[in-house]
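Spelled out from the first residue to the last, the chains are:
There are 2 protein chains.
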Amino acid sequence: MTNKIITISREFGSGGRSIGRLVAEQLGIPFYDKELVDHIALESGFAPKYIEEHGEHAPSGSIFSYALAHQSVPGVMNGLSTADFLWSIQCSVILQLAEKGPCVIVGRNADYILKDHPHCIHAYIHADEDFRADRIVRLYGESESSPQARLQEKDKRRRINYHHYTGRNWGTAQNYDICLDSGKLGVETCADIIVSLAKK
Amino acid sequence: MTNKIITISREFGSGGRSIGRLVAEQLGIPFYDKELVDHIALESGFAPKYIEEHGEHAPSGSIFSYALAHQSVPGVMNGLSTADFLWSIQCSVILQLAEKGPCVIVGRNADYILKDHPHCIHAYIHADEDFRADRIVRLYGESESSPQARLQEKDKRRRINYHHYTGRNWGTAQNYDICLDSGKLGVETCADIIVSLAKK
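Sequences listed follow chains A and B, in order. Under our numbering, the first residue of the first sequence carries the number 1, and numbering increases by one thereafter. Under our numbering, the first residue of the second sequence carries the number 201, and numbering increases by one thereafter.
It cannot be assumed that every hint is accurate.
Said to hold, decoys possible - Here are the simulated lysine to aspartate or glutamate pairs, DMTMM-like style, with alpha carbons at most 20 Å apart:
#	chain 1	residue 1	chain 2	residue 2
1	A	Lys100	A	Glu25
2	B	Lys384	B	Glu299
3	B	Lys399	A	Asp116
4	A	Lys200	B	Glu388
5	B	Lys315	A	Asp128
6	A	Lys100	A	Glu43
7	A	Lys154	A	Asp134
8	A	Lys115	B	Asp328
9	A	Lys154	A	Asp128
10	A	Lys156	A	Glu129
11	A	Lys115	B	Glu329
12	B	Lys384	A	Asp192
13	A	Lys184	B	Asp392
14	B	Lys384	A	Asp116
15	A	Lys184	B	Asp316
16	B	Lys399	A	Glu188
17	A	Lys156	A	Asp192
18	A	Lys200	B	Asp392
19	A	Lys115	A	Glu99
20	B	Lys354	B	Glu329
21	A	Lys115	B	Asp330
22	B	Lys400	A	Asp192
23	A	Lys115	A	Glu129
To be clear, the hints were calculated from the coordinates, so they are not data collected in a lab.
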């Protein structure tokens, strides 16, 4: 057992979600990934699909993406833009989940939102492009024609979102307790290391 | 036993050197830290003390540091500046040591020099300033008056040196197989994790 909250930040296609699921299974604690989206949907009134697509993407990375977000939903809530409103709900939901007890939370800048939480392990998972490209084609069914471009696009959006809301640079080792190369070390080994840390 | 070369890059005061020593002891393989300096001294003809002080510092971070380097040693070798000459010796010595067999190498941009070596684990050790300031005062006998300033100065020099010779940003998770926060996880735990990876 563990009394730890484990946050997993990850590059697209690195297997961070699979690692998170393995860690949660091995520790017997809740795993929040899609469930997190459902919680945010419930609190915000937005559709889960919209949150899934926009929750980790560039909030104001371009005028184009910002305009699109406003066309898709009713507009501005309590003086906040759609993106900022979603961010405030996301913070609130993640803080509530962490209060409930040990769990694994994947993505959604949870490392930053819970940076002052006393019982967290913040992990960052990355891998080289070849490993990730193979993975997204094989496991996510992404197009085989240009998986590299898809990786770069997704990572860029996450990077912009992270920097916008945290002021930090994504992938900087100092922001995490542990960073692991899943391509080099393997998904199972990464999970094992995080489990052993949580059990200490 | 292991057939691995382990490189340990570290923030000043993070305990990276202690972790490296523990890993080498537990695996029963050579540990190159001061010994590395002696090898570079032998190959270059420079005094170990000079190499220790300048080998990981800003090569051309300022005109001042560059001028100082040239006043301290005979000048330019084979058309190379003192710093570039030392770098070339450092690369050659590290590549030779890696050829000899399993070992732990601390610092000196060995992660970059051995980035294409097939049997390496590249680790980066960091910790927050409070942990490191306490450590350098307690263990290295650094002045208690402004350890933070000393940390920042040393890290800045290493960062400039690393970027100058590798083109990479220091402390970026993607450059390493594993990054660990020694302040949060503990020096012994960090060593245990690296040992278990090396044994796989």
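Starting from lysine 184/A, check that the Cα of aspartate 392/B is at most 20 Å away, please.
holds, 18 Å
Would the hint linking lysine 115/A and aspartate 328/B be met if the CA-CA limit is 20 Å?
holds, 13 Å
Do the alpha carbons of lysine 315/B and aspartate 128/A lie within 20 Å of each other, as the hint requires?
holds, 13 Å
Under the criterion that the straight-line Cα-Cα distance not exceed 20 Å, is the pair lysine 115/A, aspartate 330/B satisfied?
holds, 16 Å
Lysine 100/A and glutamate 25/A were given as a pair; does the straight-line alpha-carbon distance stay at or below 20 Å?
Holds, because 18 Å separates the two Cα atoms, which is no more than 20 Å.
Is lysine 354/B close enough to glutamate 329/B, meaning Cα to Cα at most 20 Å?
holds, 12 Å
Lysine 115/A and glutamate 99/A: Cα distance at most 20 Å?
Holds: lysine 115/A and glutamate 99/A sit about 14 Å apart, inside 20 Å.
Below or equal to 20 Å on CA atoms is what counts here, so check lysine 200/A against glutamate 388/B.
Between lysine 200/A and glutamate 388/B the Cα gap is close to 12 Å, so the pair holds against 20 Å.
Between lysine 156/A and glutamate 129/A, is the straight-line Cα distance small enough, at 20 Å or below?
holds, 14 Å
Need the status of pair lysine 154/A, aspartate 134/A: alpha-carbon distance at most 20 Å?
Within the cut-off at roughly 15 Å; holds.
Given the hint that lysine 156/A pairs with aspartate 192/A, test it: the Cα-Cα distance must not exceed 20 Å.
violated, 29 Å
Decide if the proposed pair is consistent with the structure: lysine 100/A and glutamate 43/A, CA atoms, cutoff 20 Å inclusive.
holds, 17 Å
This entry does not satisfy hints 2, 3, 17 and 23, going by the numbered hints stated previously.
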